[in-house]
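The chain contents come next:
There are 4 protein chains.
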Amino acid sequence: MALNWVVYPGAVHTRFQHALGAVHLTTQAIEVLRTKGHGISAEEEEATTLAVLLHDIGHGPFSHTLERTIAMDVHHEQLSLLIMESLNKQFKGKLSMAIAVFTGQYPKKFLHQLVSSQLDMDRLDYLSRDSFYTGVQEGVIGSDRIIRMLEVDQDRLVVEEKGIYSIEKFIVARRLMYWQVYLHKTSVCADNMLIKVLERARYLVREQGKQLPCSEPLWHFLSRNIGYQDFKESKEHLEMFTRLDDNDIMAAVKAWAYYSDHILSFLCSGLLNRQLFKLTYQPYSATGTKEKTIRKKLLDSGKWKEEDLDYLVIRDRVSNTAYQMEKDNILIKMKNGEVHDIASLEEQVGVRALAHPVEKYYVCYPPEID
Amino acid sequence: MALNWVVYPGAVHTRFQHALGAVHLTTQAIEVLRTKGHGISAEEEEATTLAVLLHDIGHGPFSHTLERTIAMDVHHEQLSLLIMESLNKQFKGKLSMAIAVFTGQYPKKFLHQLVSSQLDMDRLDYLSRDSFYTGVQEGVIGSDRIIRMLEVDQDRLVVEEKGIYSIEKFIVARRLMYWQVYLHKTSVCADNMLIKVLERARYLVREQGKQLPCSEPLWHFLSRNIGYQDFKESKEHLEMFTRLDDNDIMAAVKAWAYYSDHILSFLCSGLLNRQLFKLTYQPYSATGTKEKTIRKKLLDSGKWKEEDLDYLVIRDRVSNTAYQMEKDNILIKMKNGEVHDIASLEEQVGVRALAHPVEKYYVCYPPEID
Amino acid sequence: MALNWVVYPGAVHTRFQHALGAVHLTTQAIEVLRTKGHGISAEEEEATTLAVLLHDIGHGPFSHTLERTIAMDVHHEQLSLLIMESLNKQFKGKLSMAIAVFTGQYPKKFLHQLVSSQLDMDRLDYLSRDSFYTGVQEGVIGSDRIIRMLEVDQDRLVVEEKGIYSIEKFIVARRLMYWQVYLHKTSVCADNMLIKVLERARYLVREQGKQLPCSEPLWHFLSRNIGYQDFKESKEHLEMFTRLDDNDIMAAVKAWAYYSDHILSFLCSGLLNRQLFKLTYQPYSATGTKEKTIRKKLLDSGKWKEEDLDYLVIRDRVSNTAYQMEKDNILIKMKNGEVHDIASLEEQVGVRALAHPVEKYYVCYPPEID
Amino acid sequence: MALNWVVYPGAVHTRFQHALGAVHLTTQAIEVLRTKGHGISAEEEEATTLAVLLHDIGHGPFSHTLERTIAMDVHHEQLSLLIMESLNKQFKGKLSMAIAVFTGQYPKKFLHQLVSSQLDMDRLDYLSRDSFYTGVQEGVIGSDRIIRMLEVDQDRLVVEEKGIYSIEKFIVARRLMYWQVYLHKTSVCADNMLIKVLERARYLVREQGKQLPCSEPLWHFLSRNIGYQDFKESKEHLEMFTRLDDNDIMAAVKAWAYYSDHILSFLCSGLLNRQLFKLTYQPYSATGTKEKTIRKKLLDSGKWKEEDLDYLVIRDRVSNTAYQMEKDNILIKMKNGEVHDIASLEEQVGVRALAHPVEKYYVCYPPEID
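Line by line, the protein sequences are chains A, B, C and D. Going by numbering that gives the first Met the number 0, the first residue of the first sequence is number 0, and it counts up by one from there. Going by numbering that gives the first Met the number 0, the first residue of the second sequence is number 0, and it counts up by one from there. Going by numbering that gives the first Met the number 0, the first residue of the third sequence is number 0, and it counts up by one from there. Going by numbering that gives the first Met the number 0, the first residue of the fourth sequence is number 0, and it counts up by one from there.
Among the hints, erroneous ones may be present.
You can't tell identical chains apart in this list, so a pair holds if it fits in one copy or across any two.
[Unchecked claim] Distance condition first, Cα-Cα at most 27 Å in a straight line; then the derived DSS-like pairs of lysine-lysine: (1) Lys184 - Lys277; (2) Lys277 - Lys334; (3) Lys234 - Lys91; (4) Lys35 - Lys231; (5) Lys359 - Lys35; (6) Lys161 - Lys209; (7) Lys277 - Lys161; (8) Lys35 - Lys184; (9) Lys184 - Lys334; (10) Lys359 - Lys332; (11) Lys332 - Lys234; (12) Lys161 - Lys359; (13) Lys295 - Lys88.
To be clear, the hints were calculated from the coordinates, so they are not data collected in a lab. Small disclaimer: the values here were computed from a predicted structure and weren't measured.
Let the hints inform the model, and build the full structure from the sequences given.
The structure is reproduced here in structure tokens:
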């Protein structure tokens with residue numbers, strides 16, 4: 000959960016726990032589907048659980064927060080796939096079926112949906128887990144019951160009609176977790192600060208030729224521009240990438256708080272000492288004026304120059320869609336055998352109303368401004 | 000929860016627990032409001048908690064299920080009030096302020112809203128409690144957080160803006176509990192059977208002059224037609240009413256399973272031996288035909304006569320409104336000081352969509368028909 | 000939990016829930032033992048779960064409290080067996096293996112130990128359940144982990160060495176639940192009152208020829224002295240016994256509170272209105288004097304006669320043994336393959352210290368005495 | 000919990016959470032004591048909660064594991080005190096009373112016992128927290144109830160008699176957590192490896208003059224021998240100490256896994272890749288032979304030299320005392336007003352039996368040996 004612990008101190012659980020949890024739920028789901036008469040071989044079970052175990056392995060440190068900053072244009076699922084392929088060579092082809100399930104090329108498509116869809120085991124686990132560790136009751140879902148209601152119809156993962164309210168709850172819980180937790184304004188501020196730290200560090204290293212203290216793998220990515228093609232062509236990049244974790248970033252932030260660049264040390268000290276940036280969600284139309292006012296105040300303070308401001312004032316938006324129709328959507332199998340998108344059912348007025356993106360706009364800036 | 004334990008075996012908790020729980024939440028809410036600067040005297044606190052403690056005391060056995068059957072036209076809140084007034088005499092006026100809070104005549108209106116409104120302590124307690132005892136995760140709410148977000152604005156109970164998602168969750172949870180638990184079709188069947196048991200017993204006693212075995216208080220109401228005016232005029236009726244509880248009904252059902260009337264014994268045996276009636280929710284238009292078909296099958300079986308069928312085939316509807324605008328509605332106090340109905344806020348598309356009644360129709364009938 | 004809800008209002012859960020829970024744990028235990036290589040056929044699994052499901056079916060209303068009062072000398076396990084044999088006839092021998100497991104005559108003795116021993120599924124379930132419903136944290140046990148640690152060695156149920164602390168915890172939790180919950184003094188008082196109610200009722204019916212109002216099955220047992228031989232010889236007694244439940248007793252208590260016998264109505268009113276008897280645990284030597292003082296005070300009050308006092312003053316003891324060596328004891332299988340009684344292990348000084356009965360003495364009497 | 004997450008993946012919670020939790024319990028305890036008539040001023044409350052908040056602030060990274068390795072002879076409570084005194088200067092004397100409570104010099108001694116004794120808020124919090132995050136049910140305690148049972152008698156913190164079973168449970172839970180969690184053999188192995196990493200690093204830096212890559216604060220302590228007197232004399236040491244946290248250690252372990260010293264890289268790689276050392280608890284008498292056998296095998300492997308072995312084979316013991324009589328012991332206030340050590344009460348045979356140290360011996364060594 001990246002830096003979310005600045006808001007919810009309990010949110011320090013690890014991706015490792017999440018991967019084990021998602022595997023656990025997958026095992027349960029496969030057991031349920033077998034009981035309902037859908038043949039899944041031991042090999043297919045292993046492949047699916049491996050795909051789930053490794054589905055996030057391409058995430059770098061602080062996952063979504065830094066994914067655009069460290070390995071510039073590479074999506075984490077592409078990196079997961081490269082790592083899985085590398086492991087597949089090492090284990091002499093034992094992951095071939097897992098890779099096929101992961102990429103959706105395995106004939107039984109519903110196995111892929113357990114790994115990746117709007118009702119995949121990844122989401123069931125992270126919602127339950129994040130709700131548990133933050134203590135935010137709004138995110139509690141009945142994952143046990145959802146899993147017992149899973150079915151397969153024409154090679155698609157579907158949910159039995161009597162599980163419909165558990166799904167409605169799941170969709171609402173996910174929406175609430177986004178606004179209450181993942182996109183909590185203080186958490187978004189901390190994330191923005193960390194992004195700016197990395198951007199400044201990259202600038203100092205690449206444009207100014209500075210020797211910033213940091214670990215070998217972090218230096219590797221700070222000093223180079225590495226894209227998907229590079230990862231494919233040289234094993235060294237992937238090797239360095241897998242050595243990177245949150246620890247490298249936090250060690251750097253701690254060291255850089257004492258570094259001579261005043262922007263870098265300002266941002267790093269702020270993160271370490273909880274002097275976090277501020278933001279208010281507001282209408283898009285108001286953000287322009289707000290940004291200008293803040294930039295002016297910062298200049299007026301005499302502490303900052305015009306070229307510093309891009310590291311200190313961030314105008315951006317967050318967005319969440321509680322439920323998306325059409326893509327990887329959630330299907331309900333009615334008692335009469337028909338299969339419908341949950342949002343298309345007459346009674347589901349609430350879910351239907353939530354099937355649109357909600358966007359919120361903000362300007363994020365240093366706390367001493369107010 | 001009346002006979003809901005036929006579906007959720009854990010749902011055998013008592014109204015006594017609920018009353019204690021609601022008092023507990025009220026004490027917390029008053030503490031929160033005091034911390035926020037709203038003066039509430041020790042006397043007002045006692046009055047409000049007494050009002051909460053006694054708010055449901057006018058409920059008869061199996062509460063809503065039998066409320067129209069035993070004390071014909073008398074609403075349970077009217078009976079609560081009569082009992083509170085009787086207690087007030089006994090305790091020499093010590094409940095006068097509690098009664099004023101209960102009836103909404105006390106000047107501080109927000110105290111009444113803690114006792115009775117769409118966000119009263121009664122609802123917070125029963126949702127949490129029923130969700131806990133049934134094990135239905137869909138009903139979990141963050142009552143602690145809701146209470147911490149309470150405020151008073153112009154003598155109205157309101158919720159701070161940052162509690163908005165907890166309220167959204169509360170409204171959705173309540174909706175889901177209705178469809179998943181309170182109006183679960185098997186529970187509705189059991190309730191209908193019990194109502195028919197009482198109707199048949201009343202018929203046998205009043206129309207046929209039978210001496211059905213039952214407790215003295217139950218006999219009192221079976222053999223008489225007692226309305227609000229009667230309760231007011233004679234203390235004996237209220238006295239008998241307070242002696243009645245679920246136990247009198249279940250003891251009667253157990254005895255009547257062996258009674259010579261074939262309808263009464265059929266219904267009572269069915270309840271005791273879990274040979275429960277069946278129903279399917281379906282469009283209103285389909286219920287007419289369904290009812291006719293079932294009545295015909297019952298007649299064709301040779302077991303039943305035309306005049307029996309009203310005890311065996313019930314065509315009815317259930318209805319729930321997740322949230323009602325206008326009446327006792329939930330107000331959000333925004334950071335800028337404005338106060339709005341939650342459903343009127345732009346972002347609350349989901350709650351707005353749910354602010355309409357949902358109705359479902361059914362025919363309920365003996366299981367041997369299928 | 001009989002009348003324990005006078006202390007812990009949540010303790011109103013039912014024997015039905017407990018039976019389902021014990022079946023659930025048994026299914027898990029069998030699954031674990033199979034995984035460890037112990038062959039258990041589908042037939043044996045069904046027999047064992049049936050034995051667990053029905054192990055307590057011979058309990059009468061308020062179980063242990065009234066077991067000596069209603070069916071005088073008959074142990075509830077004897078009645079369970081008679082009922083199982085009756086069901087076996089009805090189901091044409093389908094319960095024969097279950098009965099063999101229940102009585103310990105089935106060759107695989109460890110299956111019987113799942114049903115009845117110091118570590119049976121009955122105990123695991125009731126401790127967890129009663130701790131949950133009373134909210135008494137002292138009784139929380141790790142039943143999941145205990146079950147995963149089960150093994151079979153030479154046809155005996157044993158526990159793997161690494162489960163040793165879970166067992167220590169289980170033994171201590173059971174001890175604490177006895178003193179904190181089951182033998183809580185207020186609960187013991189209520190139980191004693193109920194026993195005296197039944198004794199007085201029996202006296203009035205049998206010695207005085209009174210027609211006490213009560214249900215048909217309760218009358219059956221009040222008016223007759225029915226022993227094991229009677230149950231075996233006539234089906235009617237067993238039939239009447241199975242119709243009896245807590246409801247019959249509570250309905251009688253409610254009716255008898257208005258009955259003309261002053262002792263019966265005093266005891267029944269006390270139970271209904273929570274004017275419960277009192278007791279203090281004290282050394283045996285002090286109970287004699289205490290009893291005399293109280294009897295004198297009661298006589299001096301002028302309300303009671305000498306012959307009434309046996310219904311009003313109870314001098315007795317409660318006893319609990321946290322762990323019993325020798326009989327149905329708990330065996331630990333060490334990593335080196337040796338099997339030892341848990342209390343014989345060097346490190347288990349605590350369990351060893353608890354392997355003796357603790358007895359507490361008391362005099363129980365009407366509250367107005369103090 | 001240091002490296003305990005190698006056994007229990009959920010055990011990654013932080014000292015910060017624990018400090019907040021202990022403060023929360025302290026606030027509750029003070030509230031309870033006030034309700035029972037013990038005057039505690041707002042200033043005393045602040046002082047006590049500050050003392051609790053800061054009681055552990057002198058802990059270095061990986062707390063107990065590394066406390067002898069980094070700041071050689073300095074107990075963490077001495078460092079806590081130095082830091083509190085430094086803060087006291089910064090805040091101009093506002094912590095003076097907190098320091099007096101912390102050191103036991105404040106007149107109301109019972110306030111100190113809330114901060115430090117066998118029943119302090121520190122222990123109540125860490126047991127509950129560690130049990131929660133590991134999922135080990137054996138450690139569940141009823142801290143709510145324990146706190147409600149607190150009393151003060153003659154300036155000593157005591158527990159009301161009716162809380163006796165909650166205390167018995169607390170003592171047993173603490174014992175079980177030690178053996179099941181804190182002293183789990185795999186956790187002890189990881190701790191030993193980390194200690195050896197630091198010892199080897201110190202050797203390389205101090206004796207061999209190597210420039211190991213690591214953070215500035217870690218280098219400060221690796222390259223110097225800093226004792227209590229040094230901390231007192233120079234602010235720089237304390238400043239460097241407070242900049243150290245787990246992150247510095249893990250960053251070093253990650254870097255050193257690639258360092259050229261074969262012992263250091265072996266230990267660091269082992270920690271990172273979960274190739275952990277092994278141990279078995281065994282009688283003291285057996286450890287000598289075991290150690291010799293293992294040292295011989297390592298030499299025979301040709302990979303290691305005699306002088307390497309002290310980093311690879313650790314012969315040591317762990318020890319726990321469930322309850323200590325005499326020092327900071329737990330006192331029970333009986334209903335008759337007498338105050339006794341819990342272990343001296345007749346009924347508490349279990350606690351009495353546990354009031355002695357339990358020691359276990361082991362040899363810990365690289366996994367490839369077996």
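| request: Identify every previously stated hint that the structure contradicts and give their numbers, smallest first. | output: Hints 4, 5, 6, 11 and 13 not satisfied by this model.
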